[in-house]
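A.B. asks: One-letter residues, chain by chain:
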Amino acid sequence: MAADTSEAGASAGSQSGFGQVSRTKDVAFRLLALAATLIGIVSLAALLANVAVDAIGWLDWGFLTNPPHPDPYEAGFLPALVGSIAIMLLIALITFPLGVGAAVYLEEYADDGYLTKFIQLNIANLAGVPSVVYGLLGLGLFVSLLGLGYGTVFVAAFTVALLILPIVIISAQEAIRSVPDSQRQASYGMGATKWQTIRNVVLPRAMPGILTGTILALGRAIGETAPLIMIAAPTTVFGVPNSLLSKVSAMPLQIYNWASYPETEFQYGVVAAGVVTLLVVLLTINSIAILLRNRYDTRG
Amino acid sequence: MSQPQPDFSHDNIRTLRGTVFRYLFLLCALLSIMTTAAIVLTLLVDAVDFFAQVSLVEFLTGTEWNPTHDPVSFGVLPLVSGTLVITVGSALVALPIGLLTAIYLSEYASDRQRSYLKPALEVLAGVPTVVYGYFALVYVTPALDTVLPVNLSTFNALSASIMVGIMIIPMVSSISEDAMSAVPDSLRQASYGLGATKFTVSTSVVVPAALSGIFSSFILALSRAIGETMIVAIAAGQTPRLIDLTDPAGLFTNSVQTMTAAMVQIGTGDLVGQGPAYKSLFAVGLTLFVITFAMNLISELVASRYREVYR
Numbered sequence: 001m002a003a004d005t006s007e008a009g010a011s012a013g014s015q016s017g018f019g020q021v022s023r024t025k026d027v028a029f030r031l032l033a034l035a036a037t038l039i040g041i042v043s044l045a046a047l048l049a050n051v052a053v054d055a056i057g058w059l060d061w062g063f064l065t066n067p068p069h070p071d072p073y074e075a076g077f078l079p080a081l082v083g084s085i086a087i088m089l090l091i092a093l094i095t096f097p098l099g100v101g102a103a104v105y106l107e108e109y110a111d112d113g114y115l116t117k118f119i120q121l122n123i124a125n126l127a128g129v130p131s132v133v134y135g136l137l138g139l140g141l142f143v144s145l146l147g148l149g150y151g152t153v154f155v156a157a158f159t160v161a162l163l164i165l166p167i168v169i170i171s172a173q174e175a176i177r178s179v180p181d182s183q184r185q186a187s188y189g190m191g192a193t194k195w196q197t198i199r200n201v202v203l204p205r206a207m208p209g210i211l212t213g214t215i216l217a218l219g220r221a222i223g224e225t226a227p228l229i230m231i232a233a234p235t236t237v238f239g240v241p242n243s244l245l246s247k248v249s250a251m252p253l254q255i256y257n258w259a260s261y262p263e264t265e266f267q268y269g270v271v272a273a274g275v276v277t278l279l280v281v282l283l284t285i286n287s288i289a290i291l292l293r294n295r296y297d298t299r300g
Numbered sequence: 001m002s003q004p005q006p007d008f009s010h011d012n013i014r015t016l017r018g019t020v021f022r023y024l025f026l027l028c029a030l031l032s033i034m035t036t037a038a039i040v041l042t043l044l045v046d047a048v049d050f051f052a053q054v055s056l057v058e059f060l061t062g063t064e065w066n067p068t069h070d071p072v073s074f075g076v077l078p079l080v081s082g083t084l085v086i087t088v089g090s091a092l093v094a095l096p097i098g099l100l101t102a103i104y105l106s107e108y109a110s111d112r113q114r115s116y117l118k119p120a121l122e123v124l125a126g127v128p129t130v131v132y133g134y135f136a137l138v139y140v141t142p143a144l145d146t147v148l149p150v151n152l153s154t155f156n157a158l159s160a161s162i163m164v165g166i167m168i169i170p171m172v173s174s175i176s177e178d179a180m181s182a183v184p185d186s187l188r189q190a191s192y193g194l195g196a197t198k199f200t201v202s203t204s205v206v207v208p209a210a211l212s213g214i215f216s217s218f219i220l221a222l223s224r225a226i227g228e229t230m231i232v233a234i235a236a237g238q239t240p241r242l243i244d245l246t247d248p249a250g251l252f253t254n255s256v257q258t259m260t261a262a263m264v265q266i267g268t269g270d271l272v273g274q275g276p277a278y279k280s281l282f283a284v285g286l287t288l289f290v291i292t293f294a295m296n297l298i299s300e301l302v303a304s305r306y307r308e309v310y311r
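In the order they appear, the protein sequences are chains B and L. So the first sequence is residues 1 to 300, counted in full-length UniProt numbering. So the second sequence is residues 1 to 311, counted in full-length UniProt numbering.
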């Protein structure tokens with residue numbers, strides 16, 4: 001990065017008044033930039049501390065194992081928790097093969113033609129489409145056209161899978177790109193075909209990176225709310241989903257629903273407990289990804 | 001006895017298998033194009049139905065949004081103006097903070113500091129938006145209400161904007177930082193050689209040189225703010241109203257409804273079937289999709305410019 005010449009330049013210039021002013025400006029700007037860097041992190045930390053304190057006393061075994069209830073002291077999170085995990089597992093099954101397949105094609109097979117550029121630009125754009133629009137896609141395609149039913153596990157998983165697929169593809173591409181070309185050449189030199197090279201050399205080397213990206217994308221999937229609202233997933237269900245076609249709620253939906261209750265016990269208690277549960281699950285998922293990445297880094 | 005012929009059938013199978021996988025992978029890649037096509041088609045089909053019942057002119061110029069109660073009216077302008085308020089508000093938070101963050105990470109931070117700060121910033125974008133919405137409603141609004149001299153309503157554009165702004169900081173900072181890192185060191189050295197301080201180098205050399213990347217990060221962040229749904233649905237409320245420029249403070253202290261929040265409101269209602277209220281969902285969705293898609297495309301094109309310049 002930039003060489004650290006400013007210190008020397010500033011001390012040399014400090015004899016003149018001009019140097020003094022620009023040195024002060026330099027330090028002030030440095031502090032301003034640091035403050036800006038920290039402001040978001042600090043305010044999020046403060047809010048998280050608030051919600052953690054509020055969740056105390058509410059987040060207990062009963063909360064995790066009960067169904068929702070209009071009485072805040074009876075209210076529980078179980079159907080939403082199980083629903084979220086069920087949706088997430090199905091999303092993983094859908095996005096992993098599709099995402100890796102698309103990434104392998106773009107990195108290993110595709111030429112630099114217009115079709116490739118078009119696909120690439122299209123993936124980048126899809127990653128920026130608002131999630132609520134994906135909800136409408138799910139409503140129009142899976143619910144209305146294919147008749148898979150409002151707010152079922154199937155529809156929820158397919159809709160959110162399409163939403164995170166671009167992210168999975170982009171991160172899988174990066175992982176595949178980071179496999180050194182010499183390894184591919186070595187494989188070809190042994191007489192391996194392209195597919196054998198991909199299966200035996202490229203994919204095993206890229207797998208930790210691909211898994212990290214996929215798991216982080218699943219973390220995003222678990223927090224998605226708007227698409228589930230659009231496909232008319234119920235904000236509150238009282239039972240755990242028992243088939244792929246049963247109606248399903250999810251943690252963020254249940255939180256959204258509780259946040260609209262006027263009682264303080266809900267606003268500062270039950271919802272706080274729900275938020276902490278959601279964040280703990282999210283944190284667990286992300287730690288798995290980080291652990292994977294670190295193990296990979298030390299070996300590479 | 002003649003020499004046995006080498007068995008080439010195994011090679012044929014290998015070639016065939018390679019071809020099969022090649023097309024299978026191509027299909028996965030083409031799925032992304034199919035997704036875009038499916039989005040456009042599903043939005044268009046129902047939006048066209050909607051515009052058969054409500055005229056396009058009325059939709060685009062009407063100043064009342066009232067899809068469910070009689071007399072119904074479908075003017076999208078109040079929703080657009082609500083979206084505009086939130087976008088401007090979050091831009092005021094995220095653009096300066098994100099740009100300063102990028103400058104700090106690229107020019108001032110040590111490698112060690114960067115290795116802590118960058119993942120910490122990424123967390124901001126990873127928090128579920130429903131959680132941010134809850135924070136805005138339950139913690140930020142009451143706190144601001146006690147601090148500020150003006151009266152905040154329970155649902156207001158201010159706390160929603162601040163939260164959307166915090167959420168999009170990493171988008172501004174990470175893309176801007178990439179652009180600043182791509183500025184060749186020789187430019188910095190030339191400036192230091194002339195006796196410039198780090199402040200001058202950062203603001204007069206690095207930022208102008210990375211301007212296209214910074215610009216592209218701004219557009220992308222604004223596009224995210226426009227499409228952000230849960231924060232505004234929870235914290236900004238459901239009052240569709242036009243911008244009233246005679247009351248600038250009221251823009252932010254009162255409740256507004258964005259395009260996305262209106263979609264959530266219709267989505268959580270018990271509307272099924274073919275009425276114009278249900279179909280309006282797709283008309284608003286199409287409007288949102290067109291705006292954000294155009295912005296993402298511009299951002300992508302602007303960003304690809306700076307990559308070529310310094311390569």
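Note that these hints are calculated values from the structure, not bench results. Glycine is no exception: its CB is placed at the ideal position from the N, C-alpha and C atoms. Don't take each hint at face value.
[Said to hold, decoys possible] Here are a few chain L residues that face chain B, going by a calculated C-beta distance under 7 Å:
| no. | residue |
| --- | --- |
| 1 | Phe21 |
| 2 | Tyr23 |
| 3 | Cys28 |
| 4 | Ile33 |
| 5 | Thr36 |
| 6 | Leu100 |
| 7 | Pro128 |
| 8 | Pro142 |
| 9 | Ala143 |
| 10 | Thr146 |
| 11 | Lys198 |
| 12 | Ile298 |
| 13 | Glu300 |
A.B. asks: Does each hint hold? Answer for all of them.
C.D. replies: Hint check:
1. Phe21: holds (5 Å)
2. Tyr23: violated (9 Å)
3. Cys28: holds (3 Å)
4. Ile33: holds (6 Å)
5. Thr36: holds (6 Å)
6. Leu100: Cβ of Leu100 (chain L) sits 4 Å from chain B, so the hint holds.
7. Pro128: This interface hint holds because 3 Å falls under the 7 Å limit.
8. Pro142: For Pro142 (chain L), the interface hint is violated, since the closest Cβ of chain B sits about 10 Å away, which is over 7 Å.
9. Ala143: violated (10 Å)
10. Thr146: violated (15 Å)
11. Lys198: Because about 4 Å separates Lys198 (chain L) from the closest Cβ in chain B, which is inside the 7 Å limit, the hint holds.
12. Ile298: With a closest approach of 11 Å, the Ile298 (chain L) hint is violated.
13. Glu300: This hint holds: Glu300 (chain L) lies near chain B, its Cβ roughly 5 Å from the closest one there, short of 7 Å.
Hints 2, 8, 9, 10 and 12 from the list above are not met by this structure, while the remaining hints are.
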